[in-house]
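In the order they appear, the protein sequences are chains A and B.
Under my numbering, think of the first position of the first sequence as 1, with each following residue one higher.
Under my numbering, think of the first position of the second sequence as 1, with each following residue one higher.
Hints listed in this document are in silico derivations from the structure and should not be mistaken for laboratory results.
Identical copies look the same in the list; a pair holds intra-copy or inter-copy alike.
Simulated pairs of lysine to aspartate or glutamate, EDC-like, Cα-Cα distance not exceeding 16 Å: (1) Lys-609 - Asp-337; (2) Lys-340 - Glu-608; (3) Lys-234 - Glu-164; (4) Lys-368 - Glu-554; (5) Lys-317 - Glu-449.
Number of protein chains: 2
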Amino acid sequence: MKNKTLFISLTLFLLFAASFFALADEGMFLLDNLQKLDLPSKGLLIPVNDLWNPQDGGISSAVVSLGGCSASFVSPNGLIVTNHHCGYGAIQRNSTKEKNLLEEGFLARSLEEELPTFGTNVYVLQSFKNVTEQVRKGVKKKMSPKEKQAMIEKNINKIVQKAEEDKNVSARVASMNSGMWYVLYKSLRIKDVRLVYAPPQSIGKFGGDIDNFEWPRHTGDYSFLRAYVGPDGKPAAPSKDNVPYKPKKWLHVSTDGYADGDFTMVIGFPGHTSRYLSVSEFNYYRNFYFPWRLNMFKRYIALIEERMAENPDASIKLASWYASMMNSQKYTQGVYDGFKRTHLSDQKIAMQKEFVSFINSKKELREKYQDVLPQIDVLYKDYMTFAPKRYLYRWMRLASSVMGSAATIVKWSEEKQKKEIDREPGYSDNDIARRKERMKYSFRNFDAEMEKRALLLFFELAHELSDNQKIETIEKIAPGLTGKKRREVEKQFIDNMFANTTCTTLDGRLKLFDASQKELNKSNDAVIHFALSMEKEMKPLDEKAKTFDGEISELQPKYIEALMAWKGGSLYPDANGTKRLTFGYVKGYSPRDAVEYDDYTTTRGILEKYTGKDPFDSPQKLLQEIKVKDFGRFKDARTDKMHVNFLTTLDTTGGNSGSPVLNARGELIGLLFDGNYESIVADYIFDKPFTRSICVDIRYVLWLMQKIDGADNLLQEMGMN
Amino acid sequence: MKNKTLFISLTLFLLFAASFFALADEGMFLLDNLQKLDLPSKGLLIPVNDLWNPQDGGISSAVVSLGGCSASFVSPNGLIVTNHHCGYGAIQRNSTKEKNLLEEGFLARSLEEELPTFGTNVYVLQSFKNVTEQVRKGVKKKMSPKEKQAMIEKNINKIVQKAEEDKNVSARVASMNSGMWYVLYKSLRIKDVRLVYAPPQSIGKFGGDIDNFEWPRHTGDYSFLRAYVGPDGKPAAPSKDNVPYKPKKWLHVSTDGYADGDFTMVIGFPGHTSRYLSVSEFNYYRNFYFPWRLNMFKRYIALIEERMAENPDASIKLASWYASMMNSQKYTQGVYDGFKRTHLSDQKIAMQKEFVSFINSKKELREKYQDVLPQIDVLYKDYMTFAPKRYLYRWMRLASSVMGSAATIVKWSEEKQKKEIDREPGYSDNDIARRKERMKYSFRNFDAEMEKRALLLFFELAHELSDNQKIETIEKIAPGLTGKKRREVEKQFIDNMFANTTCTTLDGRLKLFDASQKELNKSNDAVIHFALSMEKEMKPLDEKAKTFDGEISELQPKYIEALMAWKGGSLYPDANGTKRLTFGYVKGYSPRDAVEYDDYTTTRGILEKYTGKDPFDSPQKLLQEIKVKDFGRFKDARTDKMHVNFLTTLDTTGGNSGSPVLNARGELIGLLFDGNYESIVADYIFDKPFTRSICVDIRYVLWLMQKIDGADNLLQEMGMN
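Start from the sequences, fold in the hints, and give me the full structure.
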């Protein structure tokens, strides 16, 4: 070997090719970074400038955020397309027992027929700029990490407040790569958003939870909204005087489809990834976080199922929470299985070893970075001594609204004594108003028996914490007892608590919300009593957690900086809800030996999966039309079939839902709506052979619009006539 | 249309193409029928005569029966290759706690090391001829169907007895197409068969029950035996003086492999198919037989699982029966799902309609056949009034050895009063001796508690029979009661029975076997008492069943004859355990939209499936060698991989297990060992797009022999050096 560095690089390349740092397909790129990617050589057929430029925004400015989902303008009249599951809330809020739009679907045949969404906002990105200097202003070396962190947060608040002086603007300062640099994003917030069109959920949610995260998929996961502004063109509260918003850019639809290997792009707002975890950080997830969740979900879900099976009323109340738990369990299992499949632990260890060698190879690197990883390790070792206990308490509050609201009531009784600006995050006057609203809404699904059983389970889980993490408030309920006997005493304890509290009623909760700390302290309410004890026990840990946050926030940017030095270039920042472009290719995969997945599904699969029962029900009209096969110009010319969904190697995650999938000419060919099961672990590692994004084919959407729903008005508006 | 018949044929072809009567891939052909198939045009590269001819037997004479399995000679020294699951019993009988050959595998490095199989026989077909005339001798028109049937059976017995005067010959008269014609098969019965080589079951049974009937598959399902004869070359009882049998023909092994679409053949002994059922017959299966079995298995298996979970000892005793029930359930579900997938009911109805039109189209056909289908229908309508009851009783005896042996004891006390020649089938002196042996063997797995619970379930199932089929003996246990109360009384009844019988002990059963009818009648044994009542109640139904058999046996040949007239040629007879050849092609399939199954699996899948736990355990040496990838000349030249199993469109069923898979030159390229899940229904309809046979690649076998087990002696003997 002539060159040792080259040798190491090659070895690493072989070790991690197509995984940790590979750039083909992997990467959620910031818009001002696209020129570096040499996209034309990757397959892009239009100038990179057309995707984004500071002058007219480029094609990417047609892509908007719904806050948690992505979407895009598809007409000059503010028509927006997104996923069905992104429009779900808006559809649900317009549904009644008599007219269930989720079941029936909805189509407005004119602007007048469009429905209010009651709370959906559209965020149109206007500008972004690096504000790192402002954010770090006043941060001094001699400050403690906690003080530095507080200063940074204060600066960020100032920047946001200033930007939001314009009432139409929604501002956010995003920390890139754990605080390496900071970017201020300013968006137009459009508050009058209306429901235009949605298929019935037997199309839009076909396959339901069973097909969730699965391929092959046959879901028509799309819906249409429209953005409205005041007659002056500026965002306005919902009003019948408002007029359709005129976006600067909207997407053009292509019915050309795709072939295996075709270049594609997604622009959207991916939520969260953790691709650069050091071994110490990763071990927290691998050794505690995911195994604990898996164990908890398994036992908790069994309890929910038992309760649902025995009581029809509880079954209805718990249905949505149950679905959410099932989804979380599947996600957790997916990450866990992915860790195993990718041998991520071994990869991390091997990679970090090479990384450390690199740091040690040069004096200036050594001096700058050699302490970073050991310090992170020390921090995480300490973190592990109290994080599990806190995390368990978090879930205990989620699993029992009685427990959750009591904890909030206790915390609020303390915070309300402070000036608003000094309160903990989440306790501003606005936050409290929202919490009360949520309380009212969620109380509808309250099932006391379920919460009692859940609490008993979390007591059990608390006993299973390691010796140094036991929760005293729980341990002292049945001291000295174990097993069945302890469970009996604890069950009695919980029954007593629920019999002697007003937290089991909505009125009771709301009244307690207004109580002072003094009043709570002398209250006889058993649940408040228990919550006071829990909060008191957790308080020192909350302080420890703040210190940990401050310290880790100081180390992480250094760690990423060193990683970048090692990789000899910039690393795309982990997803953080900011606008990104990712590119990839249409491609199937082989999930296991002798099994090949095509990169597209067809209407054949709908007939195969159809059972007549949710989630595999389908409108009869759809089944008939599929059999008639009159797919017209929406049929794929190569396969002579109607494509339903397709697969790409695009690098996406939660938040990308509803993103437009673009072809090499920047035209809309589909909507991203899910990832395959094997892609779940991509939040931690992009495992190229297995990671796929699932998209609905825009031609299937158009065909449904034409053939099933007669949405000719919209087809015309999109220029599809 | 110029020709109406052609038009109808074309319509039918379009309706049933690739299904009911399609001949490509479908068909289990008799050896003397091969010339009609024009095999060279289908892909055969050797003269058809080389496959079978009356002179030297041809290649097919290397294929032998093991009685329930197929196998083939692969050396001039009587070396036989078959499936691991076909050699299973022989391996098991040589296993001890100390030396478990199932787990360790076994290889004899010389003739001396070969092990006795304790009961495995090899049947080498010597000749076959049509004996229809002799079988029908003395059958008169004026006889009742029952009398005719009795005469036929008598004639068959005579023919067999005569043939078996030569003590080395095993003879059988097979009824073709429900008695259209009869063929006498004479085979050499070789009684000294030894175990030569078997891989550990972690290879030979890799995937176990989970992978049973599934693709993709990775099972090394093979074992080697050797046939021995006396020094005079004639079959002899096992003895150390015996010498290896010299077969006339043995198969030559090819390591050339196959490509997608390659011509292949299987020669073997398929057990049973029912491809030509009329609508009335089919309805019996679709409306009663399979739904009843599905319901019964679901509830019965739940009971077994409950029992196994609560008692470790019972768990061991029930393991094998449980596996068998799971397999039966999967088979039953597979047929049931297949009926639905193929819309077989609709197909049958449409086809029969066309068939009836054909019969009605010509006077001579009408006169000859028009009554056949209506008569079959009448018979089956009557059959349905008592068949369910009898079938339930059959399963009751299977599910409880206490009940089963009591029923046999009662029946035998009656039969033993007759001359041997007049007794019912199954009650000859030899049969009784065998029954006693089986009783001893099976008693080891007796679990009284399980049998009590099973009986209670079958009482429940009896109550669910339609009103006209209620079993009086059971109904009168708790007259007037229903639900829980009835169950309690019946449980008490069963407990009492089991407390007051000697049928729960082996000694007791064997003693009762020797009791006279008179002694039984006055016995106080509660189970015998119950069995006497059941047998008495069933007796008239047994007589009805005999009449039904006689009548249906007279109609069925006519029905098939008419079918043949309709199809304008001969129909291959349903499988009946006689030697057949089937040909097809190497081919994958698409089980559902967007999923493609390759036609071969590779060692990659073993690594993927490996869990370290049965049934996905693998020898460490195998895992290592797979990673080393030193597959040498056994690697597939086209894919550059080691193939493990492969798929063909060959038409096979139970009994074909162990059959050699031959290439277009008649060389051995694999062993057939299973069908895919979708092929299960092929016992009723050959659904071409989905029906596949699963074969182990002979190159995987050879590689294991060379690399893992060092079976060079056998490789050399097979000419592989």
